[in-house]
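K.L.:
Here's the letter readout for the chains.
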Amino acid sequence: MPEPVYEHGYSPDPMTSREVLAWFEAGRISSEGALKHLQKLDSRTGDSRTTVRVPSQESRRRRVEVVLRELDDLVGLHDVKKMVHEIRAYVEVQQRRVEVGLASEPQALHMVFSGAPGTGKTTVARILGRLFQALEVLSKGHMLEVERADLVGEYIGHTAQKTRDVVKRALGGVLFVDEAYSLARGGEKDFGKEAIDTLVKAMEDHRGEFVLILAGYSEEMAWFLSMNPGLLSRFPLHLHFPDYGPIELVAIARLMLSARQYQLTPEADRQLAEYLLQTQGRWHKNAGNARLVRNLMEGAIRRQAVRLMRRLDMASREDLMTLTWADIEGGL
Amino acid sequence: MDALVIGKPNVGKSLFVLNFASYLGLREIRLDVMSSDDRVSVRRVSLEDAKRKLVSHTAHKTLLPRRVDLVLPNGKNPKHLSIIDTVGISEGIHHVADVRQAMASTLARISSADMVLHLVDVSRLGHKSIEAPGPVDEEIARYAKLLGPYAILANKVDKPGAADGVSQLREQFRGIPVIPISALTRRGFREVKALIFRYMG
Chain A
1 MPEPVYEHGY SPDPMTSREV LAWFEAGRIS SEGALKHLQK LDSRTGDSRT TVRVPSQESR
61 RRRVEVVLRE LDDLVGLHDV KKMVHEIRAY VEVQQRRVEV GLASEPQALH MVFSGAPGTG
121 KTTVARILGR LFQALEVLSK GHMLEVERAD LVGEYIGHTA QKTRDVVKRA LGGVLFVDEA
181 YSLARGGEKD FGKEAIDTLV KAMEDHRGEF VLILAGYSEE MAWFLSMNPG LLSRFPLHLH
241 FPDYGPIELV AIARLMLSAR QYQLTPEADR QLAEYLLQTQ GRWHKNAGNA RLVRNLMEGA
301 IRRQAVRLMR RLDMASREDL MTLTWADIEG GL
Chain B
1 MDALVIGKPN VGKSLFVLNF ASYLGLREIR LDVMSSDDRV SVRRVSLEDA KRKLVSHTAH
61 KTLLPRRVDL VLPNGKNPKH LSIIDTVGIS EGIHHVADVR QAMASTLARI SSADMVLHLV
121 DVSRLGHKSI EAPGPVDEEI ARYAKLLGPY AILANKVDKP GAADGVSQLR EQFRGIPVIP
181 ISALTRRGFR EVKALIFRYM G
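Protein sequences appear in the order of chains A and B.
For the first sequence, the UniProt record's numbering assigns the number 1 to the initial residue and increments by one for each residue that follows.
For the second sequence, the UniProt record's numbering assigns the number 1 to the initial residue and increments by one for each residue that follows.
Everything labelled a hint here was simulated from the structure, so no lab data went into it.
Hints may contain errors.
[Said to hold, decoys possible] Under 10 Å between C-beta atoms, here's a sample of chain A residues computed to sit facing chain B:
(1) D13
(2) S17
(3) R18
(4) L21
(5) E25
(6) A26
(7) I29
(8) S30
(9) S31
(10) G33
(11) A34
(12) L35
(13) K36
(14) L38
(15) Q39
(16) G230
The beta-carbon is built from N, C-alpha and C at its ideal position, and this holds for glycine as well.
With the hints as constraints, model all of the structure from the sequences given.
P.N.:
This is how it looks when you write it as structure tokens:
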């Protein structure tokens with residue numbers, strides 16, 4: 001019985017009519033699919049191909065650019081952005097090489113993300129999924145975020161099944177394993193080991209059908225990879241997400257607020273930057289970053305509401321939008 | 001000229017080919033059986049024998065494309081027509097590798113055919129059975145109409161309820177000639193012959 005997942009999972013389109021027939025014989029594509037591909041590839045229908053292809057190339061470029069713009073709009077993350085642009089260029093060049101018949105390296109796009117919580121790992125993973133979909137590397141481009149509890153089972157054999165199910169749901173998209181190092185924490189006898197082995201096997205079995213991202217704190221991820229030397233070679237791409245600096249955090253605060261139709265008074269803006277600058281280095285490791293600012297701003301929004309309640313009838317549109325330094329300071 | 005007879009399993013391709021050959025005046029046919037490595041074995045049989053051997057009610061009776069050569073009288077220049085009977089193309093991914101291979105040999109022939117005659121079981125329109133018109137028929141139509149002469153033969157019009165089917169089919173495949181036929185009773189064969197002759201020039 002042919003594996004039905006091929007129908008929906010990622011596979012690059014066949015390049016020749018002969019390839020279409022081979023895939024069809026192997027049970028990889030349906031009759032309808034084979035006819036569709038033949039229609040595209042047949043030389044006698046070539047005219048229709050060129051007219052169809054050009055706009056689709058156009059729209060592909062546009063979709064890629066929309067995704068990249070979203071990435072570039074993120075605050076900070078200079079190195080991460082650079083890396084993503086590199087990956088994009090690499091993928092497109094490899095695809096072009098295939099088109100002109102040159103040897104192309106098999107694309108291993110599995111990655112390790114290291115960085116503290118709230119430094120944008122999940123956001124970037126989600127964007128990468130959509131980027132790979134636009135580049136036709138992944139068929140769906142969705143992101144499935146899981147952690148140890150989603151992969152590890154309770155009895156022998158349970159883990160492999162659980163992990164395989166997760167992989168199945170991630171096919172065509174990105175599988176994001178948060179705090180991946182926790183899979184190795186229990187030692188040799190722990191089921192986490194089984195989850196790792198199953199993931200590695202799935203990377204082989206579903207080559208090119210999904211992108212696996214292992215994420216976690218920098219030090220723990222380094223330890224995790226050193227414990228599993230086999231893993232390191234399977235993840236060619238390492239992206240480090242540095243903690244945000246005070247200036248970036250203020251920019252994040254502004255973005256966050258403007259998305260909710262709030263704004264800071266110039267005074268509040270300046271004071272916030274100063275506060276963050278002064279307290280830098282004293283933040284708790286887990287409290288840091290974008291999440292810290294978000295909590296601060298959410299608190300400020302509540303205090304502003306309390307402040308306005310006293311004279312709500314007189315509050316102007318401007319008043320309703322503006323957060324003062326006092327609103328923020330109340331939560332420090 | 002090669003006319004490829006194509007369609008889903010059990011729509012009556014083999015019966016059509018044999019009865020149509022008989023209609024065109026043949027009593028005995030040379031059966032060329034093409035195997036997948038393009039080797040051809042030849043047998044001479046009467047049409048009656050051929051029908052008994054080759055036609056059945058079960059799907060995928062025909063597992064190799066089969067060619068029937070006809071010489072049509074045309075004054076001093078007799079015309080040569082080969083009708084190629086093919087393996088039925090079923091929906092989705094067939095679970096038997098041999099059948100997939102056989103269907104692939106059919107798909108491979110579409111682009112080199114001079115003409116494509118696409119048989120549809122018009123009495124089964126809207127049904128769920130294997131021979132009922134479905135997505136595969138739409139894809140065949142989309143592909144074949146780009147290649148050259150192409151017509152849909154709405155087969156089994158002798159069955160009850162088929163009349164409505166023909167008009168529905170014409171609606172669905174606008175711009176493509178749809179000829180109602182019955183491979184069994186030979187209805188519509190005159191129109192098919194006229195169409196083929198027109199394309200043979």
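K.L.:
Any hints from earlier that this structure breaks? Give me their numbers in increasing order, please.
P.N.:
1 and 16
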